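Visitor: Spelled out from the first residue to the last, the chains are:
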Amino acid sequence: MGTATGIIRALNSGIKHLAIKRFTLRYPEEKLKFVGDGYQFDPSTGVGIAGLKGRHLLFHDHCTGCQLCSIACEGVAEAIAMVKVPEEHKHNKKAIMPQIDYGKCVFCGLCVDACPFYALYMTNDYELSSFSKEGLIYTPAQLQVKPYVQQDSEIKITDRGASHG
Amino acid sequence: MTTELPTTSEIQIDKPSLNWLPPGLGLQKVDERIMTLNVGPQHPGSGHMRLIVQIDGDYIIACDPDPGYVHRGEEKMAEYRNYILNIPHLERPVIHDSCNVLYPYVLGVEELLGIEVPERAKYVRVIASELNRCIYIMYWLAIYGIFLGHSTMFMWPAGDRELLIDLMEKMTGARVTHAHFVPGGVRNDLPPNFEEVCLRQVNYFEKRIKEYAAVFYDNPILISRTQDTGVLSRQDAIRLGTTGSVLRASGVDYDLRKKEPYDVYDELDIHTNVMKEGDAYARSKIPWLDMMESCNIIRQALQKMPKSGSVRVKLKPNPKGKVFDSVYKRVESGRGSLGYYIVSDAKPEPYRLKMSVPSFRNLIALPYLLKGEKLGNMPSVYWSLNYWPVEADR
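Heads up: the protein sequence lines correspond to chains Y and C, in order. Per our numbering, the very first residue in the first sequence carries number 1; after that it's consecutive. Per our numbering, the very first residue in the second sequence carries number 1; after that it's consecutive.
It is worth saying that the hints were derived from the structure and are not from the lab. Computed from a predicted model, the values in this text were never measured in an experiment. No residue lacks a Cβ here, since even glycine has one placed at the ideal position from N, Cα and C. Don't take each hint at face value.
[As the list claims (entries may be wrong)] Computed Cβ-Cβ distance ranges for the label pairs, DEER-style: (1) Y:142 <-> C:218: 52 to 62 Å; (2) C:77 <-> Y:133: 20 to 30 Å; (3) C:322 <-> Y:43: 45 to 55 Å; (4) C:346 <-> Y:29: 29 to 39 Å.
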C-alpha cells in the first residue's frame, strides 16, 4: 500500500465518524444510571450486593457502636471516627456512631463488609464536593439521610454507534 | 536505525570548559560536543521518572533511566495490615489495571490460608481481569497516540474505554480502583442481566478497536516513525529479562495465561499473539491484538460460567497463616508477568511481601534500545515498553 493511499484511508476513517452518534455524556444535564441502590453487604452469607460505592448510609436503629467499621478503616484511610451522639438521639448504649471524612475516604467499601448488624450501606450519591474541608465531614445525622440521585442515561448501542441517551 | 556517529576525538576545542555542575543530580562532565539532557522528572509521559539522555546533535549516545520518584513503600506497608486490609493499597500502583495487580496477591493468600474458591468466582475473576486488561491497554494506547502527536488516537481510546469502565462500574461499584478481588472469591455477585449487557458492549468494543487499524496501525506516518526504531532482538529480549508484550513482540511465544494457567484459564481457548520484528511498531501492535484476544476470552468465560452459585467463601475474622510458609504466584498482567512473594507468620499480617513487577523489568531494555536513535524517536520507544512508573517504584 502506498503512502498516499494509506493517508487517504486514515482520513476517510475519521470522516466516517461524522455520521455516527456522539458518545459524550453531557454530565451536569444528564447523569449515569447505576445498578441497584449502592453497594450493600449481607453478613449472613458473606457476599455483597452489586452497586455503586458512593456516600454511606447509616441506619441509626441498627448501629450498636461496636466500632468494627472504624477498625477496618484504620488500615485503609482512617476516615471513620466514632463520635458521641446527643443523648436524645441515642440508639445504642455507648451513644457512639461513625462519622466519615470524605476528604480521606477511598470508597473501598471494606467498612460495609465489616458491619455485622446491617447498619452501614453505600448509596449511589457521588457528588460530594464542598467549599470547605469541614463540609466533607459527614456526621451521623447527615449519614442517616437517604440521598436522591438523578439517574437518566445509559449506554445504548445501535447501528449508528454507541451513545448515552 | 543506526547511523555512523562522528568521532569526537577528531574535533579540537580550545575553549575552557565549564567546571561547575549542579550537585546531587547525578550529572557528569562529558565532552564539549556531547550534551546531557534531562527528560523529566515532571511527567515524561505518565508518572514521574527521569531519563538522563546524552545526545550528540540529534542522536542519543547514552540513556540512563532514573526511576524512584514515586516510591510509596507498598511492601513495607503490607507488613502492618492484615490480609484483607492490604487490598485497597496494593491495587494503587496501577490503578487502571487494578484487578490484575491484585490477582497474584489474592492467589498467594488463598494458597497460604488454604482457601478453596468457588467455581463461579473464578470465572467472575477472569472476566474482571480481562476487562481490566483492555481498560489498561486503551489508556496506554491513548497516551501512545498523544506521544506521537496523533490526537485522534488519544480521543478514540479514551472514549471507547468508557464502554468497559461502565461494565466494571456495574460489576464492582467503582470506576477505577475496584477492590473487588478478595482471598476466597470476589466481593459481590454480578448484577442481574449483566451477561447480556457485557456481551453487547464487548462486541461493540471489539468492532470499534478494529477501526483503529486504518487510522493508526496502517497509517504510513506511524509506520515511518516506529518501524525499525528501537529494535530488540529475540536473544536480547530473553537476556534482559523483559516480559509481556515486549517479549512477545520480539518473537518469544510466552504468555502466563497459557504457560502457567491460573484459575480457569486452562479451560479457555487462548491464542497468543507473537510478532518477530521487535521494533517499536511491533511492541505497539501486540497490546492491540491482545485486546481482541481478551474480548474472545470474555465471550468464552461468559458462556462457560456457572449460572448460579456462591462467589465468596466466608472467612474467619483476621485469618492467620502458618509459621514461615511462603508462596510465589504470578499472573499475566497488562504489561507482563507480575508476581508476589508472600511469607506468612502466625499473625494476621504477612511477614514479608515482595512484588516483582513487569514495568521495572521492561525498563532495563530502554538504554539498549535508545542507543543510536534520534531524540525525536525517544517517546515512541520509551512508551512502547509498556512502562508504568508508579508500578516500577512500588
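Visitor: Please go over all the hints and tell whether each is borne out by the structure.
Guide: Against the structure, the hints:
1. Y:142 <-> C:218: 52 to 62 Å: For residue 142 (chain Y) and residue 218 (chain C) the Cβ distance comes to about 56 Å; the hint holds.
2. C:77 <-> Y:133: 20 to 30 Å: For residue 133 (chain Y) against residue 77 (chain C), whose Cβ atoms are near 25 Å apart, the range 20 to 30 Å holds.
3. C:322 <-> Y:43: 45 to 55 Å: 28 Å, violated
4. C:346 <-> Y:29: 29 to 39 Å: Violated: the Cβ-Cβ distance is about 57 Å, outside 29 to 39 Å.
In this structure, the earlier hints numbered 3 and 4 are contradicted, and the remaining ones agree with it.
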